Structure formats: C-alpha cells, structure tokens
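There are 4 protein chains.
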Amino acid sequence: MSKTEIASVSGLRSPVRAGIIGATGYAGGELARLLLGHPLVKVEALTSQSHAGQAYGDVFENFRHTDLICETENPEELAERCDVLFLALPHGLASQKVTAELLSKVKVIDFGADFRLADAAVYEQWYKTAHHGREVLREAVYGLCELYRERIKSARLAANPGCYTTCAILCLYPLVAEGVVDPDSLIVDAMSGVSGAGRGLDLGTHFDEADGNVKAYKVGTHRHTPEIEQALSQAAGKPVTISFTPHMVPMNRGILATCYGSLTASFSEDGLRDIYRQYYGNEFFIRLTKPGVLPETKWVKGSNFCDIGLAVDSRTGRVIVVGALDNLVKGAAGQAVQNMNLMFGLDEKMGLEGCPVFPG
Amino acid sequence: MSKTEIASVSGLRSPVRAGIIGATGYAGGELARLLLGHPLVKVEALTSQSHAGQAYGDVFENFRHTDLICETENPEELAERCDVLFLALPHGLASQKVTAELLSKVKVIDFGADFRLADAAVYEQWYKTAHHGREVLREAVYGLCELYRERIKSARLAANPGCYTTCAILCLYPLVAEGVVDPDSLIVDAMSGVSGAGRGLDLGTHFDEADGNVKAYKVGTHRHTPEIEQALSQAAGKPVTISFTPHMVPMNRGILATCYGSLTASFSEDGLRDIYRQYYGNEFFIRLTKPGVLPETKWVKGSNFCDIGLAVDSRTGRVIVVGALDNLVKGAAGQAVQNMNLMFGLDEKMGLEGCPVFPG
Amino acid sequence: MSKTEIASVSGLRSPVRAGIIGATGYAGGELARLLLGHPLVKVEALTSQSHAGQAYGDVFENFRHTDLICETENPEELAERCDVLFLALPHGLASQKVTAELLSKVKVIDFGADFRLADAAVYEQWYKTAHHGREVLREAVYGLCELYRERIKSARLAANPGCYTTCAILCLYPLVAEGVVDPDSLIVDAMSGVSGAGRGLDLGTHFDEADGNVKAYKVGTHRHTPEIEQALSQAAGKPVTISFTPHMVPMNRGILATCYGSLTASFSEDGLRDIYRQYYGNEFFIRLTKPGVLPETKWVKGSNFCDIGLAVDSRTGRVIVVGALDNLVKGAAGQAVQNMNLMFGLDEKMGLEGCPVFPG
Amino acid sequence: MSKTEIASVSGLRSPVRAGIIGATGYAGGELARLLLGHPLVKVEALTSQSHAGQAYGDVFENFRHTDLICETENPEELAERCDVLFLALPHGLASQKVTAELLSKVKVIDFGADFRLADAAVYEQWYKTAHHGREVLREAVYGLCELYRERIKSARLAANPGCYTTCAILCLYPLVAEGVVDPDSLIVDAMSGVSGAGRGLDLGTHFDEADGNVKAYKVGTHRHTPEIEQALSQAAGKPVTISFTPHMVPMNRGILATCYGSLTASFSEDGLRDIYRQYYGNEFFIRLTKPGVLPETKWVKGSNFCDIGLAVDSRTGRVIVVGALDNLVKGAAGQAVQNMNLMFGLDEKMGLEGCPVFPG
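Note that the protein sequences, when read in sequence, are chains A, B, C and D.
First residue of the first sequence: 3, per my numbering; consecutive thereafter.
First residue of the second sequence: 3, per my numbering; consecutive thereafter.
First residue of the third sequence: 3, per my numbering; consecutive thereafter.
First residue of the fourth sequence: 3, per my numbering; consecutive thereafter.
Careful, some of the hints might be misleading.
Note that the list lumps identical chains together, so a pair holds whenever it fits in one copy or between two copies.
Here are the simulated SDA-like cross-link-like pairs (lysine to any residue), alpha carbons at most 20 Å apart as the crow flies [claimed, not checked]:
1) LYS292 with THR68
2) LYS351 with PRO41
3) LYS220 with VAL124
4) LYS292 with LEU70
5) LYS5 with PRO41
6) LYS130 with GLN98
7) LYS292 with THR223
Just so you know, these hints were derived from the structure itself, not from any lab.
Since we're looking at a predicted model, the values are computed, not measured.
Using the sequences provided together with the hints, build the complete structure.
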C-alpha cells in the first residue's frame, strides 16, 4: 500500500507533509530515514544551506535510492507546502525564524536549544547570546513526551530535548518527584557517541584522535545542564542544581547516563523499581531492565527506546540509576517524530516501533 | 493498523506465519528484527537449542520489549503452525531436517550451505562431510533473488546464499555473462565485519584481538568459493575457477568485495556501466554508484541494498568491481525475507525498504 | 651494547634476572614487552599453565622474533634462577605460593589482589574466599610508587595496585590528605578499555558485543573499591567509604577516572592545582595538565604516565578530578617494573621512559 | 646513563643531532617518539609551519613531559646545528629545499615522494607537478633498507619509501626476482589504517564516517603504484606493471597487503618459503610466519617489523603473499630511523628493537 492509501484507510485525508530545515547534519539525516519509513508521513522538502541543489543521496549516500533534493531554506514558503517543519539548526537561529505568523501556518518541532528553556534569561546566561523569540517562547512546549505528553498534544511548537537531557531526566525524574533522593546530591556522569558532536570537522572527532580514546569535556559548563535542572526542579518543586559531566567515547551512537543520588531514607532496590514502574510501566519507549541487569547502549541502537536500570549502594546510601538511549533517535530524531505523532493525533509509536539494530 | 488488518486490506486471509529455527545467532536475531517489522508476517515461533525456555529478550536484549520465548526445536510440529520456516543452523543439519514430507507442509528458507551447491559431490569436497539430503537438494533453488527470481517464486525450498557470495556474484555476473572478462583471471578479494564469524566465542573475535586488526584467513580454502564458482560458471557457460581471499576487518557488519578481472577487449568504463544498468537497472536492492564513486559499507548498513561500482585500469587491462552489502541483511536475513516475499507472492521489497542506518 | 655490558658500565654484576609467572595474560604479555626493553633486566623465565612448552611467540605473535618458551610453573625452582618473580595469577593463588621461604630467596611483585589489602578480613569480605597467606601479608607493601616509595625500596614483596585503583587514588589522595574535600562525598566514576577484562573468552568481550557499546558493571560491588578506600582512609586519617562505578568502553587500553568530591570550603582551581604540584610536582610519571585541559586516554597509551587534571564547579561546590592511565602499563606491568626498579635500587624510570604511542 | 655517556662508551664523540622538518603530522610525531627513545640520537630541533612557537606537548600531548618547542622551518640554519634532517612535508616541497649545498652540510632523509622515483618524468606523470630537484635526485637512494642497504650506507640523501610500497615490495620482490611469478599477473590489494591519511581534517576521516566502514579508493591511480613498479621492475629486469588497490579500514595504524601472482610453474609452498628465507632469513625486521599462519596487523603495531606469510592456491596456480606492517613505523618513521642508523654506521636495529604493542 502507498502512504496515501494507508492514510485513506486510517481516515486521514492525506499523509502528513513534513519539511526538514537543516537536513544535512546527522540528526537531519536520521530524521529523514525515520520519516521515509513512517506510514503516514510524506517528506515534502529538505533544505540545506551548504548543499542546496544537490541530490540528498550525494550528501548522504544511504539515500542514494531516493530522489530527494536539497532545497534552499525558505521557512515561509515551506509553511505553505508542509504540515510540520522540523528545524535542525545551530542555536540562535530558530528563535529568529519561528514567528507567530509561521506558527499560524505550520506546526514546528525544533531540534535546537532555543525553545527548551522557559526562562530566556537562563538561556542567555548559558548560551551567551540574546534570545530573539521571547514571545514565541511562551507557547513552546518542552517535548519530552513521557513527561509532558498532554501539553505536547495541543502544541504548535515543540522544543525537542537534548540527547543527554532526555536520558538524564528520564532516569532521575521519578526519584526526585517522589522525594527519595536529596536533590542537592545529584550527579549525572554521562557518555556520548561521537555523532553527538555532529558532522562538522574538528580535530577531536578526527578518526585517529577519537578512536581508542575517552575524555571528559565541558565539565560543569555543558549547556544541557540547565535543561536537566529545569525538569528536575519541576519534579522537586524547588530549584535543583546538579553536577553534569559529559564524556566522549569511541562509538558512533549512544548515550549512557550514570546518575548518582543520596537516598533520603533506607529504600530497597525493589521499592525504587516500583516507583519507576508507576511512572513508566505503560510507556512503550521506556524499558526497565530486570534486577541485576543494567542498560547498555548496544541494546537501544537505532531505536527510540530509553532503557533504565538501577542499583542501590547501601554502603554509601546512594542510588545509581543508569539510562541508555540512541542519541540520534530518542535523543533527537526519534523523539521529534514521537512529538509529531502526538501533535497530529497519530499513534505515538507510529514509525518508531523498529527493534534496535544489533549488533550495530 | 494491526498486521491482521493490513493483511485483510491486502487481500490476504492472514499474515504469513513464520518460524525461525536457530534464532539465537546473529543472523537469526537480524531475521527476527526484520520479520517483526514486516507488515504481513507474524513471528509464530523462535527456537533455540541452547536457550529453549528463555525469553528472547534475555538472549538479545534489543528484543526486551517483546514477549517472544525461545522454544525447543521441533520442525514437524512447527510445520503445522507455520507457513514458512527459516533455518539458521550449522551446516550438515538442515540437510537432515528438511525432508520431502516437511516440504509438503511448509516452505523452507535455509541460511546454511546444505542446499546451495547443486552438486552434492562439490559440497562433500568442500565441507568434508556427507550430504544427507540429495533427494531434496534437487528441488532446492539458489536464493539469489536478482538472478534466480522466477525459479524462487515457485520454490518450496530456497537456499539463501552466503554473504561473501551474494556480493561477489552480483559484482561479477554481468561481466562474465557478457564475456567481457576472462573467466580465468577472476580474483575476489573481500572483507567482512566480525559478525560474519557468529556469536560463538573464539580468541580471534575477542574484542582486544579483533579491534585495530585486519587479517586474511582461509586463503584459497574458504567454503564460499564453490558457491561463487557455481554461479559464475552458469554465467560463463563453462566451468570457472576463481581466487577468493576473505579478510576480517574491525567493524560489526559489512562486506566489501573488490573483484578483479582481465578485460577481453578494450572496454570503456561507460560501456561496462551500461552492462550493469542492463542487468540491474530495475533492481531496487542494487544501487549502481555514479562514475567516480565507489561503494562503502557504511552506506548500506542495516539495509538490504547491495551497492556496486567499478573502475577500469587501462594500464593493466583490468576492471575492478567493488560491491558492498550488509552481511546480516542482504548477506543473510534480508535476502531471506526477500526470498520469502517472492515465494509468497508478496511485494519483493516488503519489510525491506528501510534506509541504511547512518552513521552506524 | 648488550645488557651485560650496560650492567657492567652501571656498576652491576649482572642484569636483574626476572621470572614471570602467568605470562600468557595481557598483563603478562605487556610485562614481557617492557622487561625485554629494560636495559638492566634479563627475562629468565616465563611460565604458563595452559601453554607450557609452547613458544611464547606462538601465544603472542608480537614476540615471534624472540626465542622465549613458556615453562611449567615452579616458583621454588624459579626462585633459584631469578632475582625477582612477577606473579600474574587469578586471586587466591598468590597467597598460597608466596611463602616466607620463597621470599627469603627472591623478591616478589604480585599483580593480583592477595596482598593489596592490609586487613585480611576485608579481603575475605570482598573476595568471598579465605586468605591463605596472612603471615606474609604483614610484610607486603602496597606498590603505589608515588605514595609509598620509601617502603617499597626495602620491600621483598610488593602488591602491585589495580588499574582503576591506581588512577582513582592518585587523583584523590592529595585532596583528601589536605582536607579540602569531604571524604563522605567521594564518587569515582571510571571507564576501562576491554583489555582490563583479560584474555579469557566471554560474551561481553566478544567483538560484536563490545564494539560500539558502553555499559556500567559491578556497580557498588567492584573489588577495587576497598583498595581505593584503604589508601584514601590513610590520607584522611579515618575510614572513608566511596561510591565506585566502573564502565567498559570500546577501546583496547586505558582507564579514565572522573572523581567527584564536595569542597569543604571555597577553593579556587589554582589553589587546588598548587596542592597537586606539591604532591606530584617532582613525579616523572604524573603529568598535571594545564588549566583548561583534561586528560584523555590516548595521550598515555603504551606509557607509564598517569595524567591528572581538574575543574572546580562553583555552582555545586564540587571539584571534579580526571585521571588517565594505560591499564596495562601504569595500571599493571609498568608500575610493576617501577616497583622492581625501586626494590633493586635502579633508576625508577629505567625501561619506562618511552613516550605514549599516538595515534594508537 | 645519559645519551652522551652512551655515545662515549660507544666510541662516538656525541649523539647524532637530528632535526625534524614538519614534525606535527602523524609521521613526524612517531619519528619524535622513536628518536627520543634512541640511545644515540639527540632531537635537536622540531619545526612546524602551523605551530611554530608552540610547545610540542601542546600539539601532541603524549609529549607533554618533554620541553620540545616547535621552531620555524629554516633548513639552512638547521643544517648547521644538525647531523641529519628528516623531512616530513607534502610532496613537491622537499625537491625545492634539498639542494646540493644543503647536502654538503647535513644528511637528509625525506619522507615524501620527491626523491623516490629515479625517473623524474614518472614522478611528473603521477604527481602532476614539475620536479624541481633533478640534479639532487640523481644521488638520492631509495631507502628500502633490506633491499638497498649497501647504497644507503654511503648515501647523503635517502628517500624513505611509502607505507603501502614497503609492504608490497617486500612481499613480492623475492618471487619476482626469482622468476617464479608472472610479472604481468601481479595484483596488490591492500588496506591501511586511517592514520595513513594524515592529521588534516577531511569528511572521510571524520570518526563517524570512518568507524565501522571500509572502502576502496584511488583505484588504479594511487601514487604508490609507480614506486612499487620501480622496485619490481628492477627485480624482474624488465618493466613491470601492476594493479594496486588501496582500501581504508577502521583502525588507527597498520598496512595489510594481500598480493596475487600467477606461478610460472608448479611450486610448492615450502619451495617458496625457501626463497623468502634466502632473501630475508637474516633480516631482523622481517619475520616470516610459520606455515598455516598469516600476518595480522596487530602483531606488528608500534614496531618496525614487517611480517610476511604466504599460501599457494593450487586450484588457480596463484600464490597469495600477505604482508603486515605498521604504516607509521616500518612504513614511515621507523624505516627512516633504520636508514639513519645505516647512514651513520650505527647498529641498524638501534632504537627500533621494541616489541610490538599488544593489544593495541
């Protein structure tokens, strides 16, 4: 069946017409892959500043069999042709392009940071640049689907969360919300595959420098920090400050977050698992590991799953929660599609049910 | 829509019920992934000698979200419940299990070597073991879909080709069939990702020994050699003997075959490309690269594509044809699904249209 | 010059005769490499339970050009032929083999855990086995050279520290000893290359499972924990309990330890650097990174260096100390040679001055 | 002992003073590492166009413990301070810098291609640029030590061979020289680690693009081709044309060359091994593998060894010779040191005897 036929059978007039602005980065490429496989989406347009006019299959040869062409970026014109625009741009640009007028014509899902922080002052402090879309910011919804599902359903503008942030928040939210960990004790020690650094050339991501190497970077200063703190502060009902240390590890994809918190009382591992089941027991994309098993990035690669496991260290009174996801899927393009599904009233899982690719 | 609904819309009574015998190797796992994503297949059963009774999601945690359970192997019983059986077993077993009676009840697609070589004597020479299913062998069809499509459509038993073989044959068949290369000059120098060696433990596939390392192995003695020769002999219309050297390279997935042949006359690169277009121009799963571009394994990872490119070396009068595929997809599970689609009259591409996963 | 000539010029009667018991693991192989390159050591014997009688160059083909042969293990006999024995054995064995009588004949450097923990009860608690050498344990010296140099010089038995432990202790000792971090707040989050798991076959270290994957393991239960606590307790002058989380990352070699501590007052980064300079300013093998630079495992690979850097997170009042070393060199064989140099009155750096191998 | 003392004991007035021009590429870094470990060499100067004035330990942090500083490039001035200059520059520059006058003051070992091809016209054809040093070219010696040792000893200018070339020539020279293979049948199919592409940034060597990927490149056009042909033509006593296909594989270091030749008669594997023993039996840096064993890059990593093994394929009448070396050592910096040792009358092995680093 063609997508049009499926749409018809599904009671839709036509498939959702999607535009990708900034399609030639890794997240854009992954989004294109997912949307091409989505039963009810038509990729209407791809844009690229640097590759306009080129075949998409020449930029990313995995798309060699498609007839997609990179277009020049023109949000207004795209808004006419599309039902939804995905923006995958460097920070600071989306807040200029996404206007109230644009939102009156098309729904927008932004991959960047411009609409993630509700407080523009916090944005300006961490990103060292002025925020140019404070008006629109007010209606933006933080697109962490499992936590903000209802608001997302009616949103015109979703701020797709960061990769580290999605993992860290999903790991810690239940414990903070239930008050079983001291919010002042939280440490997120996380690792990312190299694709998190993007397709831009840099000595640190040159093969010979990154292969066989691990390093911490941006210690105490990484811009995902305020995003994690924003969600955990909501969970705690008071401001929360955390330590966050990202590391780069020699693999293409994957986020592993190892999160530490001091327990406020003597909780058993089973008791904590109950809390997670209560929050996530019905969530398709969150898989809680069995006792004694901890998440590994290989088991989520290529999929929209976030696996979560935990261990209680009774010697130190700490709980260690470990989460794993694919930074380009649940940490970027997959969650964007999940947001789109919610915003268009589709089955939230549609186009995202593929099993992780193993070995990968 | 559920698969049953899709089947109904598609005019089928019900989805194809599939059984996987030997589901806990890498090829079996990849097959399960593809079949779970296939719109018209229901995974009816998975079997495993070593893991019977275990949750499949405990063996391969990428399936943690499913409720699949490894069953004990019982082909006769499975034949009753299934429309098709996929066998992923060590060589020598399938030829005992696949009987005429079994084939009267269920279609079979065998991943192993037992039914690939039409001449049982050749099998016995290379595999150093007796062939126990000569009768059934006669009706087996070699499941290289692009070359033997028509015969596959009506087959009850398809011998799914090897990974190296699929790549090498697709690369060389057109040139040999058209007589533009000297069949005595053919050399296939190929590389495989480590998953080709399977999930069984071995010092050579221990991470520290395989990482950062390349090696040739089984030089002149690899068992995919007679399979390649069988197809190329058909192409040449006379017996062809080739040199085949496999190498192991430090990556999970992928086959790259670099094939050498001496041109029988002074052919241009364009002329040779025309031949490939003639053979494969309408093949969805074969992507011919543009002039100046050669295939790379990253561009086919996770997909059923086989990319083919070539260069003419006029100094030496040789053509060098390079092919790339994913050893677990087009080299195993994907081609098996393609065979199944053909054998059941489904769209050949169904369940296999996913774009390659990049970066991966 | 031959080693005998160098010994003569150096005023020694002859090179130090070394025996390696358990030479066919990764640490044993690395030790052989370092000792063969040591100007004043002769590798007198290598032993192996599993490979006795085999050429060492058949077990590890990097030694193909040598004439070393694996001998049967016989400590008493070796004690007659050697000046020093290195033991690289599974835990529980060294404490049986190293007797007072043996020590009267030969110096011993043990790679295992049997003599690392001064309190046999702690050993028995973490290793779940009885300690069979309590008498000898009393004279064992913990061989972390930078901290216990003077005691090592006169030792007959040195317990070579673990890989994670060396890194974690060197990172945290100065801060704990100077009282600038709260000992109850210490968290060591560390990563190891796969060689840390040894040459024994295991699904977790199978290439396809380890490549492209990261995971935490033995959370709260790893046996290096009491070793780190022992040294930090000495630094603190009171019992210290830490959280330690090891991770496996897809590279051959390297330890990266990211260590967290809450500052007891408002210290500047510069002030903390001064403390490290005071402790390690004259240590050849400890390289403090420049402000703004953090250690990476690639910069120490193949060498005996431990690089240390730090960042102060004033938002949370924590210091994050990052250390990097090569688990098989400073974390095993290199430190063992450093211990040997100290025990034999040689220049501590001898045979260990090689620059890290980059890219590696 | 200091290097000066060793020089004195060795009967030299002082250590050899070495200058490295172009020290901030991978080959330059490896050379610095080897020279710092050489008992009779003093690194007098390092130069870098792009990093002049910077600490070498800031460019390559593996040298963080040294006090080396990158100087501005000034060959004439360096010629006064040094006994030997190593040039690691893009092609086309050395032929301008190395003048007769320079050679009258200092010996030169050039890593580039400018002096490798005796026939300047061949150089100009493959490198598409004029050769500016034809006069000096006449006295250049091709620095493949095992084959041209005597000429190198008295040379003032050695052209250090390429990485692929060293491996391919060492593999094929004996068979061609002895007439046991048909020179028209030679095919060299080779793989290189990514460091062969240098430290310059490029999308093809970006981690996410190179990891998990293999590809052929410059098929039939790679500039190492005429270099291999030059040596094999000398061996054959007549012009030889070969097919050479390089591949990039996802590892840092290493060359593996798989070489094919048609046997001119029915030779046994043993007979061919005898030929290799005759040519290389006394060569320290060439290790012939045992029957049934083929070289792997991991067994030579970090060392100056070239391992060679072979198999006879009697079905096709071909011999397959496999060679392995470390592209930055025997394929670049190590062979340069070997040349230096020869040119200064030192033990050829000095500074190069280190065992391969495994696992690496």
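Verification of the supplied hints:
Taking CA atoms no more than 20 Å apart as the test, LYS292 paired with THR68 passes between copies only; the shortest distance there is 14 Å, against 41 Å inside one copy. In this assembly of identical chains, LYS351 and PRO41 lie within 20 Å of each other by CA distance both inside one copy and across copies; the values are 11 Å within and 15 Å between. In the homo-oligomer, the alpha carbons of LYS220 and VAL124 lie at most 20 Å apart inside one protomer (18 Å), although the nearest pairing across protomers, at 38 Å, exceeds that limit. Within a single copy, LYS292 and LEU70 get their C-alpha atoms only as close as 43 Å, which misses the 20 Å cut-off; across copies the closest is 16 Å, which meets it.
In this assembly of identical chains, LYS5 and PRO41 lie within 20 Å of each other by CA distance both inside one copy and across copies; the values are 6 Å within and 13 Å between. Taking the closest pair of Cα atoms, LYS130 and GLN98 come within 20 Å of each other only inside a single copy of the chain (16 Å); across copies the shortest separation is 49 Å, beyond that limit. In the homo-oligomer, the alpha carbons of LYS292 and THR223 lie at most 20 Å apart only across protomers (18 Å), although the nearest pairing inside one protomer, at 34 Å, exceeds that limit.
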